[in-house]
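Undergrad: Residue strings, one per chain:
Protein chains: 2
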Amino acid sequence: MSETTKADITRRRFLERAGQGLAVSGALGPLVSRAAAQNVPEPPGRKLGWAIVGLGNLSINQILPAFAKCEKSRVVAFVSGHPDKANKLAPRYGVDPKRIYNYENYDTLKDNPEVDVVYVVLPNSMHAEYTIRALKAGKHVLCEKPMANTPADCQAMIDAAGQAGRKLMIAYRCRYEPFNQEMIRMAREQELGPVKVVLADHGFSIGDPTQWRLKKAMAGGGSLMDIGIYSLQAARYVTGEEPVELTAMSYTTPGDERFKEVEETIDFQLRFPSGVLASCSSSYGYSGQNRYRVVTAKGWFELEPATSYSGLRMFVHKGNATEERILPVRDHFALEMDHMSECVMSGKDPLTPGEGGLRDIKIMMAIYEAAKSGKTVKV
Amino acid sequence: MSETTKADITRRRFLERAGQGLAVSGALGPLVSRAAAQNVPEPPGRKLGWAIVGLGNLSINQILPAFAKCEKSRVVAFVSGHPDKANKLAPRYGVDPKRIYNYENYDTLKDNPEVDVVYVVLPNSMHAEYTIRALKAGKHVLCEKPMANTPADCQAMIDAAGQAGRKLMIAYRCRYEPFNQEMIRMAREQELGPVKVVLADHGFSIGDPTQWRLKKAMAGGGSLMDIGIYSLQAARYVTGEEPVELTAMSYTTPGDERFKEVEETIDFQLRFPSGVLASCSSSYGYSGQNRYRVVTAKGWFELEPATSYSGLRMFVHKGNATEERILPVRDHFALEMDHMSECVMSGKDPLTPGEGGLRDIKIMMAIYEAAKSGKTVKV
Chain A
2 MSETTKADIT
12 RRRFLERAGQ
22 GLAVSGALGP
32 LVSRAAAQNV
42 PEPPGRKLGW
52 AIVGLGNLSI
62 NQILPAFAKC
72 EKSRVVAFVS
82 GHPDKANKLA
92 PRYGVDPKRI
102 YNYENYDTLK
112 DNPEVDVVYV
122 VLPNSMHAEY
132 TIRALKAGKH
142 VLCEKPMANT
152 PADCQAMIDA
162 AGQAGRKLMI
172 AYRCRYEPFN
182 QEMIRMAREQ
192 ELGPVKVVLA
202 DHGFSIGDPT
212 QWRLKKAMAG
222 GGSLMDIGIY
232 SLQAARYVTG
242 EEPVELTAMS
252 YTTPGDERFK
262 EVEETIDFQL
272 RFPSGVLASC
282 SSSYGYSGQN
292 RYRVVTAKGW
302 FELEPATSYS
312 GLRMFVHKGN
322 ATEERILPVR
332 DHFALEMDHM
342 SECVMSGKDP
352 LTPGEGGLRD
362 IKIMMAIYEA
372 AKSGKTVKV
Chain B
2 MSETTKADIT
12 RRRFLERAGQ
22 GLAVSGALGP
32 LVSRAAAQNV
42 PEPPGRKLGW
52 AIVGLGNLSI
62 NQILPAFAKC
72 EKSRVVAFVS
82 GHPDKANKLA
92 PRYGVDPKRI
102 YNYENYDTLK
112 DNPEVDVVYV
122 VLPNSMHAEY
132 TIRALKAGKH
142 VLCEKPMANT
152 PADCQAMIDA
162 AGQAGRKLMI
172 AYRCRYEPFN
182 QEMIRMAREQ
192 ELGPVKVVLA
202 DHGFSIGDPT
212 QWRLKKAMAG
222 GGSLMDIGIY
232 SLQAARYVTG
242 EEPVELTAMS
252 YTTPGDERFK
262 EVEETIDFQL
272 RFPSGVLASC
282 SSSYGYSGQN
292 RYRVVTAKGW
302 FELEPATSYS
312 GLRMFVHKGN
322 ATEERILPVR
332 DHFALEMDHM
342 SECVMSGKDP
352 LTPGEGGLRD
362 IKIMMAIYEA
372 AKSGKTVKV
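Line by line, the protein sequences are chains A and B. Going left to right, the first sequence walks through residues 2 to 380 as our numbering numbers them. Going left to right, the second sequence walks through residues 2 to 380 as our numbering numbers them.
Bear in mind the hints are in silico, worked out from the structure with no lab data behind them. Among the hints, erroneous ones may be present.
In this list, chains with the same sequence are indistinguishable; a pair is considered to hold if it fits within one copy or across any two.
Only pairs whose alpha carbons sit at most 20 Å apart, straight line, appear in this in silico SDA-like list of lysine to any residue [unchecked claim]:
| # | residue 1 | residue 2 |
| --- | --- | --- |
| 1 | 363 | 72 |
| 2 | 319 | 305 |
| 3 | 373 | 101 |
| 4 | 379 | 94 |
| 5 | 299 | 320 |
| 6 | 86 | 322 |
| 7 | 89 | 209 |
| 8 | 48 | 91 |
| 9 | 299 | 208 |
| 10 | 376 | 315 |
| 11 | 319 | 206 |
| 12 | 48 | 190 |
| 13 | 349 | 161 |
| 14 | 373 | 245 |
| 15 | 299 | 288 |
| 16 | 111 | 164 |
| 17 | 319 | 205 |
Because the structure is a prediction, the values reported are computed rather than measured.
So here's chain A without its partners, still in its complex pose (with noise of 0.2 Å):
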């Protein structure tokens, strides 16, 4: 767990709160906007300048109105296919229109020294190109998980970034906000005692059938990509641990026009050393599932929902009471990029690098492998 980050948890703060009259969600209403009207002094060195790579939802909706939390990151430059689409969110974000940049000038970038960091918001089979290329103008890499779709591909981006020596990160949001922190927290610390499973669910009904999430050449997979890689990474994360082997089993509806190339629904079951199993599950076939608990010999604790952009809540059982835990409502995308403004301004390396990208990519190979195989694979 990042210092940055680790102290900004508020740890312990219960439901009681409520009953000193408080309702649960204004208690946190006031935290969030005051932070917002107060007056945020600059941190020592400058901000950096981000690039973002694709103008998608994620960028529309989530990561630009982030920059607005950020403290060591704003926003410099688009590289976007849709100029008009660029033009029309330059001014609301203060985007010099000149910083607007397309696929084909986007290795210009290296003559722009405002620019340190890029974001890769593209479809996942980019993920390779984009980066690799920032990396060659010179410039810090911060891409969308999953990293790529191929093991190979991972290990390029990697390569590049040594070859460049700039830093890449994986952007693996739930990292580096509280409530996914405290669970890390209380596994680790074993609040609770050493952890004896961890069960994770996360999937969603996806809609337009022509999205490129639904392609297998832009996507590399269905569900367990973009959706059950948050079962998976929170097994990780929570055990602190590399699975060794692993069983899965998938099912997809026959003329669900949906899933013409990738699955719907992927369940897998891991083996870690200690001897911790994970059950995990990933559909795009059934209604918001986002959920994990780790459960002990002496209680369980639980994320529902555990790694949506916003709203999570926390509940820990222990004796035969079950508590909500209250934390801080954070900006996830805001604090993920000033780790890595961070980390490029310090020299440290970032919480989530290339190679755990790398390891989630070799991870979901293995999972397809079992699927269609129905045998046990060891990673």
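Put chain B on the given structure of chain A with help from the hints.
TA: Relative to chain A, chain B alone:
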């Protein structure tokens, strides 16, 4: 779902009752105590006489007290290897001390016309013998789950019932109580659309390392046979289908004195013919897990706790809201025993006959095989 109990379900009594000034527990408390205080008229037929075989914790704490809530069943005999225990319990439940049997004179039950039904509440390895002896004595049998330790024993029990022309029912009590029945109804009637996946977790931290549940010869297996069977049952009764293949993964903490002979944790995945998957877990090693969730494309519905003797809670999620669904709180054992008495009186077949018990044993053997081989097993 039996007609008798189906009518008992009061549907969709949501938490909004609480908004009418009734606390949740308060809303149900009066119903329960009023029913207990009522002078319930005798049913048209007589109450059948029951013999309880085995006076362990389940009999003492759950089954015997449940007769007070039965309308068609009364306890008239005990079978026990501990005469002191039987003699102490007899006056409390109005059992004639002459109707206390032991395992030697058990077969003389055939000479006692007061006993219509024998309830076998013994360690698993004894189920077959004591069920078959009771059937040969001309009695109907309700047998605790798991039905037996091997499919061969189960088949012998089914055959014995056929030869004796007597009813054989397995004590899957959750099939007889309103919460689980409402889950089944919602799934089968597709209230939120077709079921996509069932997520079921059952486990607890087992105590006394000397108990029979931890002896392979008596229990037949570990957590799967005792508590994992609830996850398996939930997946089967919610879908109304039989699994066609499964995978599994098991772990037992080395050196834990409780688990010298049987498995601690076993997780398993089931595939049903319709394409529904179930992701299930079972453990003797962790704090109480007792839940299952059924997910569709439109929402989900769950019980947590799901299969405890009491205190079940149901939650339904659709649109953006999760609601608690309040249902009548009923004694599970009274409902299952009265179902058995009703079947004996009317000649109907029990909802949970021996054939269902045999299927569970076969599936659990396949789960053990999958965990051992690391391969998908067809069932």
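Undergrad: Decide, hint by hint, whether the structure agrees.
TA: Evaluation of the provided hints:
{"no.": "1", "hint": "363 with 72", "verdict": "neither (34 Å within a copy, 60 Å between copies)"}
{"no.": "2", "hint": "319 with 305", "verdict": "both (17 Å within a copy, 15 Å between copies)"}
{"no.": "3", "hint": "373 with 101", "verdict": "neither (44 Å within a copy, 58 Å between copies)"}
{"no.": "4", "hint": "379 with 94", "verdict": "neither (47 Å within a copy, 57 Å between copies)"}
{"no.": "5", "hint": "299 with 320", "verdict": "within (7 Å within a copy, 35 Å between copies)"}
{"no.": "6", "hint": "86 with 322", "verdict": "neither (51 Å within a copy, 34 Å between copies)"}
{"no.": "7", "hint": "89 with 209", "verdict": "neither (24 Å within a copy, 69 Å between copies)"}
{"no.": "8", "hint": "48 with 91", "verdict": "within (18 Å within a copy, 81 Å between copies)"}
{"no.": "9", "hint": "299 with 208", "verdict": "between (41 Å within a copy, 12 Å between copies)"}
{"no.": "10", "hint": "376 with 315", "verdict": "neither (35 Å within a copy, 36 Å between copies)"}
{"no.": "11", "hint": "319 with 206", "verdict": "between (34 Å within a copy, 13 Å between copies)"}
{"no.": "12", "hint": "48 with 190", "verdict": "neither (34 Å within a copy, 57 Å between copies)"}
{"no.": "13", "hint": "349 with 161", "verdict": "within (18 Å within a copy, 73 Å between copies)"}
{"no.": "14", "hint": "373 with 245", "verdict": "both (18 Å within a copy, 16 Å between copies)"}
{"no.": "15", "hint": "299 with 288", "verdict": "between (31 Å within a copy, 5 Å between copies)"}
{"no.": "16", "hint": "111 with 164", "verdict": "within (16 Å within a copy, 87 Å between copies)"}
{"no.": "17", "hint": "319 with 205", "verdict": "between (30 Å within a copy, 13 Å between copies)"}
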